[in-house]
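Protein sequences, first through last, are from chains A and B.
Going by my numbering, the first residue of the first sequence is number 21, and it counts up by one from there.
Going by my numbering, the first residue of the second sequence is number 1338, and it counts up by one from there.
What the hints contain is simulated information worked out from the structure, not anything from laboratory work.
Be careful, since some hints might not be right.
[Claimed, not checked] Calculated pairs, EDC-like style, for lysine to aspartate or glutamate (alpha carbon to alpha carbon, straight line, at most 20 Å):
1) B:Lys-1519 <-> B:Glu-1355
2) B:Lys-1520 <-> B:Asp-1453
3) B:Lys-1519 <-> B:Glu-1370
4) B:Lys-1472 <-> A:Glu-202
5) B:Lys-1519 <-> B:Glu-1347
6) B:Lys-1395 <-> B:Glu-1355
7) A:Lys-190 <-> B:Glu-1370
8) B:Lys-1565 <-> B:Asp-1546
9) B:Lys-1472 <-> A:Glu-189
[Claimed, not checked] To give a feel for the contact side, a few chain A residues facing chain B, derived at Cβ under 10 Å:
10) Ala-195
11) Leu-206
12) Phe-210
Positions of the beta carbon are idealized from the N, C-alpha and C atoms, including for glycine.
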Amino acid sequence: MFELLGIPPQVLLGQLLLGLINGSFYAVLSLGLAVIFGLLNIINFAHGALYMMGAFVAWMLLNYVGIGYWPALILAPLIVGAFGIVLERTMLARLYHLDHLYGLLLTFGLALIIQGLFRNYYGISGLPYRIPDILSGGHNLGFMFMPNYRAWVVVASVIVCFGTWFMIEKTRLGAYLRAATENPVLVGAFGINVPLMITLTYGFGVALAGFAGVLAAPIYSVNPNMGADMIIVVFAVVVIGGMGSIMGAILTGYILGLVEGLTRVFYPEGSAVVIFVIMAIVLLIKPEGLFGRAA
Amino acid sequence: MSDAALLHVEGLHGWYGESHVLHGMDFDIREGEVVTLLGRNGAGKTTTLLAIMGILGKRTGSVRFAGTETVGMQPRRIARMGIAICPEERGVFSSLNVDENMMLPPRIAAGGLELDRIYELFPNLRERRRSQGTKLSGGEQQMLAIARILRTGAKLLLLDEPTEGLAPVIVQQIGRTIAALKKEGFTILLVEQNFRFAASVADRHYVVDQGRVIDMIPNAELDANIDKLHGYLGV
Ligand SMILES: Nc1ncnc2c1ncn2[C@@H]1O[C@H](COP(=O)(O)OP(=O)(O)O)[C@@H](O)[C@H]1O
Ligand SMILES: [Mg+2]
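Given the sequences, and given the hints that come with them, work out the whole structure.
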């Protein structure tokens, strides 16, 4: 078979697939951050911890209650979303009139507490979560081996991301959300319950993180630090994409996953930092982000 | 008299933070009337509308709508009682198209205008239904800002300087619209700087100065009071 710059295509495609899978998580997570930031004006630093919580809730459901992967894919996001709603009602809601630095500090603190609690009870060695039977194994595509579960992760993230995009950009409910993002005072003055919208939006945004956590559970081992590692990269993704755009958050997530994969092929030493290098360049050239609107 | 009023404002004070802007506004609007607030820039007209709507956070005194005290209520509850605002800056949403802007304010009661009737009043908007809200001309944005509060069933409309910065033909069209809305049974509180326009549509005028109502002039007696009014407005 052909070779590209001396790289066998299996290696190239394999790394691209790996990049696409990482990109799937980046996309779902940065989408949630963008939705939350849009309406709440809060940079949700707890997002990584809630992603980790999603994975743990799936693990607990399986090991304590015997509830398997498929129900967990619905239940864990609901549980994480409900937890987020409690956080929003009891704490975040008190900060909206302050600078968004306060929201960032609060959610950063919450992330440390949540991670600390899980570390305390479950250690840091990581807990295994089995791939559901129906998705075990894989297919030989001729040029490479495609594990079924990884293909599912990509498909599931695409469905969730574009479903969310459609809901926000094309539906009546989404019009409320967009309007409240622009001018919450006027939307409230039309008789719409904006505080309720804010609460549900936060719940939805963190439920997305919980969903990503369940998707991740069978791939990465379930451990208390998985969110902290992920969130740093996702913040860079969000900075590159710009906070202003839903589609921007999604596309930037996938693209940067792929870029990371490509870097792993051509310059493996750079793969861990390439996203941050891109972030620095974007900040220099277009500080509002690739898809962001200038403030 | 006050019980017959749809809106009764008495001793209304209002603040932006520490800054005391309304100093005891008193006025009434009867059902079906078009009433203006006239006054110089900075007199407190916009602030009065914001206070009625509940958007101005710090306010005291009394604002009774259809007999119910609203001065302690949240804006969304006040809206649900049947008051709707067309703000001075228009507040057309740029991330929504014309249709979405139009459908945004929820129906709060029966009796709002049908969409077809609204597009009859504003034919230009019908052609631009898919356009992004802020891609419209200033006049079209103003019409959209008025149009979208007509379907909700609100009885009292608060219109803040709807003619500001618009070409004469558009001002005339808005004047005809206000007359049509009066016929439809809406009650309208109109803030205006354009005094000729105000005279062409209103039943009565309240003159506002430094956060107080200092005079009330029925439209029929406007000519007789024209010099006095010019004095108030500093024209
Ligand atoms: N957001 C605000 N914060 C502080 N003061 C304000 C604000 N908006 C208006 N004011 C002040 O309140 C007074 C009344 O303003 P306003 O009601 O907008 O006047 P009008 O609509 O009659 O021109 C003015 O002195 C103005 O400077
Ligand atoms: Mg004004």
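Checklist entry - Taking only the CA atoms, is the gap from Lys-1395 (chain B) to Glu-1355 (chain B) under or equal to 20 Å? => result 9 Å, holds
Checklist entry - Taken at face value, is the distance from the CA of Glu-1347 (chain B) to the CA of Lys-1519 (chain B) at most 20 Å? => result Violated: Lys-1519 (chain B) and Glu-1347 (chain B) sit about 25 Å apart, past 20 Å.
Item to check | Proposed interface contact between Phe-210 (chain A) and chain B, which counts if any beta carbon pair is under 10 Å | outcome: With a minimum Cβ separation of about 4 Å from chain B (threshold 10 Å), the hint on Phe-210 (chain A) holds.
Item to check | 20 Å Cα cutoff - pair Lys-1520 (chain B), Asp-1453 (chain B) | outcome: 17 Å, holds
Item to check | Satisfaction of hint between Asp-1546 (chain B) and Lys-1565 (chain B), Cα-Cα up to 20 Å | outcome: 14 Å, holds
Checklist entry - Is Lys-190 (chain A) close enough to Glu-1370 (chain B), meaning Cα to Cα at most 20 Å? => result 39 Å, violated
Next on the checklist: Can you confirm whether the C-alpha distance between Lys-1472 (chain B) and Glu-202 (chain A) stays at or below 20 Å?
Outcome noted: Holds - the C-alpha atoms of Glu-202 (chain A) and Lys-1472 (chain B) are around 16 Å apart, at most 20 Å.
Checklist entry - Between Lys-1519 (chain B) and Glu-1355 (chain B), is the straight-line Cα distance small enough, at 20 Å or below? => result Distance of about 38 Å is beyond 20 Å: violated.
Item to check | Leu-206 (chain A) as chain B interface residue, shortest Cβ-Cβ below 10 Å | outcome: 5 Å, holds
Checklist entry - How about Ala-195 (chain A): closest beta carbon in chain B under 10 Å, or not? => result 4 Å, holds
Item to check | Distance restraint between Lys-1519 (chain B) and Glu-1370 (chain B), which requires alpha-carbon spacing of 20 Å or less | outcome: 7 Å, holds
Checklist entry - Within 20 Å, alpha carbon to alpha carbon, are Lys-1472 (chain B) and Glu-189 (chain A)? => result This hinted pair holds, its Cα atoms lying about 17 Å apart.
When each numbered hint is compared with the structure, violations occur for hints 1, 5, 7.
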